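J.: Note that the protein sequences, when read in sequence, are chains A and B. For the first sequence, the working numbering assigns the number 1 to the initial residue and increments by one for each residue that follows. For the second sequence, the working numbering assigns the number 1 to the initial residue and increments by one for each residue that follows.
Rather than coming from a laboratory, the hints here were simulated on the basis of the structure. Bear in mind that the values here come from a model prediction, so they are computed numbers and not experimental data. Treat the hints loosely; a few may be bogus.
Estimated spans, in silico, between C-beta atoms of each pair [to be verified]:
(1) B:S93 x A:Q235: 22 to 30 angstroms
(2) B:L223 x A:L291: 24 to 32 angstroms
(3) B:E180 x A:A79: 54 to 62 angstroms
(4) B:L223 x A:V145: 18 to 26 angstroms
(5) B:L245 x A:M265: 40 to 48 angstroms
For glycine and all other residues, C-beta sits at the position ideal for the given N, C-alpha and C.
Read off the chains here:
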Amino acid sequence: MKRNDVFTFAAVLALLAVLPAAIYPLFLMKVLCFALFACAFNLLIGYVGLLSFGHAMFFGFAAYVSGHAVKVWGWPTEAGILAGTGAAALLGVAAGAIAIRRQGIYFAMVTLALAQMVFFYCHQAPFTGGEDGIQAIPRRPLLGVIDITNDTVFYYVVLAIFTFGFLLIYRVIHSPFGQVLKAIRENEPRAISLGYRVDRYKLLAFVLSAALAGLAGATKAIVFKIASLTDVAWQMSGEVVLMTLVGGMGTVLGPLVGAAVIVSMQNYLARFGEWVLVIQGAIFVTTVLLLRRGIVGEIVAAFARRALRRGKDTAQDAD
Amino acid sequence: MFELLGVPPQALFGQLLLGLINGAFYAILSLGLAVIFGLLNVINFAHGAQYMMGAFATWMLLQYFGVPYWGALVAAPVLVGIFGMLLERLFLSRLYHLDHLYGLLLTFGLALIIEGLFRQQFGSSGLPYTNPIPGGANLGFMFLPYYRAWVVAFSLFVCFGTWFLIEKTKLGSYLRAATEKRDLVQAFGVNVPRMITLTYGFGVGLAALAGVLAAPIYTVNPLMGSNLIIVVFAVVVIGGMGSILGAILTGFGLGIVEGFTKVFYPEASNTVIFILMAIVLMIRPAGLFGTQR
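Isolated chain A, as found in the complex (with noise of 0.2 angstroms):
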């Protein structure tokens, strides 16, 4: 790990561990849960070049499985999460090998119609409670010990779960594997030519992808006792690609950094009703428009334009 991350990260970890004494911890475990869904889906958008536009099923089917298992077949909280990641990960070995025989525009239509299949599975499915969904999701202790009905305990396993999650993405993506799925991004015949198997690490990429949206979704239905159609509904999958947008594609905070914005726009916002969409509307909007990449990326560039006017200088005092 380089050494500025390491501080960034730890500065930032210490400022989510003392967040709960100032606000409300179901609203960061919100936060961390949707941060976690959006860095998910940065690791295709922004490493693979991939943008789907259907990550809400996982989200929300992983909701719907630990939902399921906890409640009705009774397991542990830490089995039902699992159970409910586990399953958005083979969701996403059967719509990654579809969805990745296409790339570009095709690939983001492609999984927006696979997840809209899912989502009319979740609704006529018996399982799934249809309209009601999967309600009174109920709070076992953690390993049988950690006492999760109360929301302060409960938001620091939450913030390890995201940690754990946060830094696997960062791992995969400063490996050779991550290296050669950027290859991909950049320049894919090229990495063909090379004797990459592309298919084989766009597929694992999807997986991995899958995976952590399922373990944010079932995270999510734990937290929030609720699994439901709007946890699959294609405006799921629209609000992950506003937050990653907005934070910043393609860096390593902005999911986090675009959850938090999205999320307390939603809270403050939601008296609004239907003004809600119009205001997440326009911010795509003038996301794309304007600041394109994004909260964080464009610090990132304002530091890089700074570190260059600043190398410029030194070179002319050395003249």
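Given the coordinates of chain A, assemble chain B onto it according to the supplied hints.
T.: Structure of chain B alone, referenced to chain A:
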């Protein structure tokens, strides 16, 4: 009355007709998407919202200005088309030098804004629109409502009219040339930016036209577009965006398949097009009529 494959013929042909009508909407919408994508390299996510705007324009023209259906059939697509051209000039034209994905994201945002505004104004329960051609004919094996027959016939006319315009006229040849080599066409003195604006307006107008046709069949509803557009994306993936006739054929064909599914296995009627999409991607990733690009 006789039965076909264990299903009463009224039900079978009724669903088939409904499938044909849905197919007509798929065809018109995917045609518009293909024309826009060909020249602008933008997948117009707002296409569903613009279809919805067409239906609302029809309703509003009648409600506020007393313009009947037949007037709206011309006025609504023109109005929504002009709105589309404004969007293209104001927003889309700033993104052509970027990755195609930004066009998708921008039009997605526009779709959210439009849908949100209409939901804010009209709620999401839907508004009725009176059928302009009531009644129907009993054909013996089924009852054929006149309006539905009109929709199918007129949609076919619109589709083949578009095909003729693009494939057989001088204007269409400019369009096809600009799709292939934009710079070269510009060098010959054709005003390509204006052509792009007009093409986007035309595609949007087509979507609005489908909305006008849909208004008397389905209730006019702010959500009617967003659910449809996802199916149309699947239709586009199945057909590929290379050929106009391919888009028409795929649209109508999939509508009929969907209609049949509603009769024989209703549980899968929502998903059958997505399942077909998955199968086509496995066998022929470029789509039935497409070329990999």
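J.: Hints first: check each against the structure and report whether it holds.
T.: Verification of the supplied hints:
no.: 1; hint: B:S93 x A:Q235: 22 to 30 angstroms; result: holds, 28 angstroms
no.: 2; hint: B:L223 x A:L291: 24 to 32 angstroms; result: holds, 29 angstroms
no.: 3; hint: B:E180 x A:A79: 54 to 62 angstroms; result: holds, 57 angstroms
no.: 4; hint: B:L223 x A:V145: 18 to 26 angstroms; result: violated, 47 angstroms
no.: 5; hint: B:L245 x A:M265: 40 to 48 angstroms; result: holds, 46 angstroms
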